[in-house]
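Peer 1: As a plain string of letters, each chain reads:
Protein chains: 2
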Amino acid sequence: MALLDEIGDFINTEIESIAYPEKPAGLYDPIRYTLEGGGKRLRPTLLLASCHAFCGDYRRAVKQAVGIEMYHNFTLLHDDVMDRSAMRRGKPTVHVKWNEATAILSGDTMLTMASQLIAENAKDKTANVVDIFNRMGIEVAEGQQFDMDFEKRDDVTLDEYLEMIRLKTSVLLGCACEIGAIMGDASPEDAARLRDMAIDMGIAFQLQDDYLDTFGNPATFGKRIGGDILNAKKTALLIIATSRDASLHSIIKSDIPDDDKIRKVSDIYVATGATDECRRLIGHYSEKAVKRLDEIAISSESKAIFRSIIQKSAVRNV
Amino acid sequence: MALLDEIGDFINTEIESIAYPEKPAGLYDPIRYTLEGGGKRLRPTLLLASCHAFCGDYRRAVKQAVGIEMYHNFTLLHDDVMDRSAMRRGKPTVHVKWNEATAILSGDTMLTMASQLIAENAKDKTANVVDIFNRMGIEVAEGQQFDMDFEKRDDVTLDEYLEMIRLKTSVLLGCACEIGAIMGDASPEDAARLRDMAIDMGIAFQLQDDYLDTFGNPATFGKRIGGDILNAKKTALLIIATSRDASLHSIIKSDIPDDDKIRKVSDIYVATGATDECRRLIGHYSEKAVKRLDEIAISSESKAIFRSIIQKSAVRNV
Chain E
1 MALLDEIGDF
11 INTEIESIAY
21 PEKPAGLYDP
31 IRYTLEGGGK
41 RLRPTLLLAS
51 CHAFCGDYRR
61 AVKQAVGIEM
71 YHNFTLLHDD
81 VMDRSAMRRG
91 KPTVHVKWNE
101 ATAILSGDTM
111 LTMASQLIAE
121 NAKDKTANVV
131 DIFNRMGIEV
141 AEGQQFDMDF
151 EKRDDVTLDE
161 YLEMIRLKTS
171 VLLGCACEIG
181 AIMGDASPED
191 AARLRDMAID
201 MGIAFQLQDD
211 YLDTFGNPAT
221 FGKRIGGDIL
231 NAKKTALLII
241 ATSRDASLHS
251 IIKSDIPDDD
261 KIRKVSDIYV
271 ATGATDECRR
281 LIGHYSEKAV
291 KRLDEIAISS
301 ESKAIFRSII
311 QKSAVRNV
Chain P
1 MALLDEIGDF
11 INTEIESIAY
21 PEKPAGLYDP
31 IRYTLEGGGK
41 RLRPTLLLAS
51 CHAFCGDYRR
61 AVKQAVGIEM
71 YHNFTLLHDD
81 VMDRSAMRRG
91 KPTVHVKWNE
101 ATAILSGDTM
111 LTMASQLIAE
121 NAKDKTANVV
131 DIFNRMGIEV
141 AEGQQFDMDF
151 EKRDDVTLDE
161 YLEMIRLKTS
171 VLLGCACEIG
181 AIMGDASPED
191 AARLRDMAID
201 MGIAFQLQDD
211 YLDTFGNPAT
221 FGKRIGGDIL
231 NAKKTALLII
241 ATSRDASLHS
251 IIKSDIPDDD
261 KIRKVSDIYV
271 ATGATDECRR
281 LIGHYSEKAV
291 KRLDEIAISS
301 ESKAIFRSII
311 QKSAVRNV
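Taken in sequence, the protein lines are chains E and P.
Under this note's numbering, the letters of the first sequence match residues 1 to 318, in that order.
Under this note's numbering, the letters of the second sequence match residues 1 to 318, in that order.
I should point out that these hints are in silico values taken from the structure, not numbers from a laboratory.
Every value quoted in this text rests on a predicted model; they were computed, and no experiment measured them.
Careful: at least some of the hints might be erroneous.
As the list makes no split between identical chains, a pair holds if one copy fits it or if it spans any two.
[Stated by the list, open to error] Straight-line alpha carbon distances no greater than 25 Å define the calculated BS3-like cross-link-like pairs of lysine-lysine that follow:
1) 125 / 63
2) 123 / 63
3) 264 / 123
4) 63 / 223
5) 23 / 233
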């Protein structure tokens, strides 16, 4: 995957060379801090690979790629304020390192900078990519709101959950592919197919995230195993298992020792078959994503790239 | 000013008929609440009047007008969170009525909805109006950051203050006029002239705001007279007066009774000539705004409309 490495290096160089205005430093320092904090750069990689798949020149979509990463980091910054998270990628979050007003305003500015980048050098495609980007932004906000609403509900269904992660996580991956494809002169139909591939991949990705939070390898997972259980987070595992064993409610809400709670709940996940069901869903969505690739007229080299991204996102261990 | 009344009714009807999605209610209820909370609708009025001035049909820019009001209300919503303000237009602010996460997310959504509206039906002008809108958004955020930075400084100069209010308040009025003019097929030169008119008007408007906070008529002002003094807000009056009488610092920071403080400080504003200087600046910027109108090739009816808006904004008593 020489091309994938090349795209990865390219996007990192581009993000490091963003020219922020000098003043006011209180506005731009937190933006640089957030953008340079690392991350997988999955979204710009998808965008550039999608552009390349149709025109062989990923550089054409460089502004849009930086824009989509800027947007993603804006959502992380504001989500961390809303969730009161203190750490992100091993560093203090912006509202902890600076303050909340700074986190809100820097995030707002990142959203506007992202819009600017998406429209930059888009030429006759401007109206189209701006429209796709803004519709995605509305959907992601709706997903975040559903996620917050679910915290207060005990009757969330699996379908509601899958729709929430589609909105909160997947449509951004879909948007990255669609905008990249359009910048590479794909037909609207092919751009939509690549978008749908990424949406399925995103659902598999998020379900895998849920799975690893409980059943990941502690040595490689990075976070404490069982965090979702301790936070009573409405994940696919919890929703499926609760529908099969109502006693889960009281265990999740009890104040037994953390390790006991994690062990008891994960045992129920296995016993009720929720774990198997979750693995089945991950397989279902990643296979659907791979199948969608077959319908798109791109080179086998490009298909291999997307298959490897699906593999890394959905069937990963870390 | 029959046209001005017509435009006012039109924009209110359009804002009331925005079709919000039903779900998630937790996201859209606060947006409707904010938008329907009233306000002068100054920005969409400027936008529509600008469009009308060049093409005689203000309806052409209806989406952009709703978009600019949506944007303005987004800034109020997030500013209220940052400033921890509990009331706005006589009603509890969103972060008080709902909660802070809701205020952040609803505001983010309003910014994206505003971007959508600005680009809607803009046809071949899309790239241009989107670019003007995004550049404005960055400047407004910079202005808000400077305003927050100034709270912690005692050496803010008048020039710095004027630049801050240009960014925080004026460029949005300028953007409204420029986008309206472009939607009405104005030349880029005329659109820029109308923008500069509104920027000067906005500076006069903000200086008048500062002036009325201390010297307004308590019967008509709506808020408590002297609020800026009690909050030690860096206004033009305080900055000018401090440069002429350094003792002001200690009075502003002292804990003498509120009424004494307001009386003492406003006496110094008058004695140092800061009050006269502030009135002179208001006159200077509103006259500059009126003069700019002369350079623009629009009907005398349209010029009268803008003159009346300048009059109402900058030479008002309430």
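Peer 1: Hints numbered earlier in the text: which of these fail when held up against the supplied structure?
Peer 2: 3, 4
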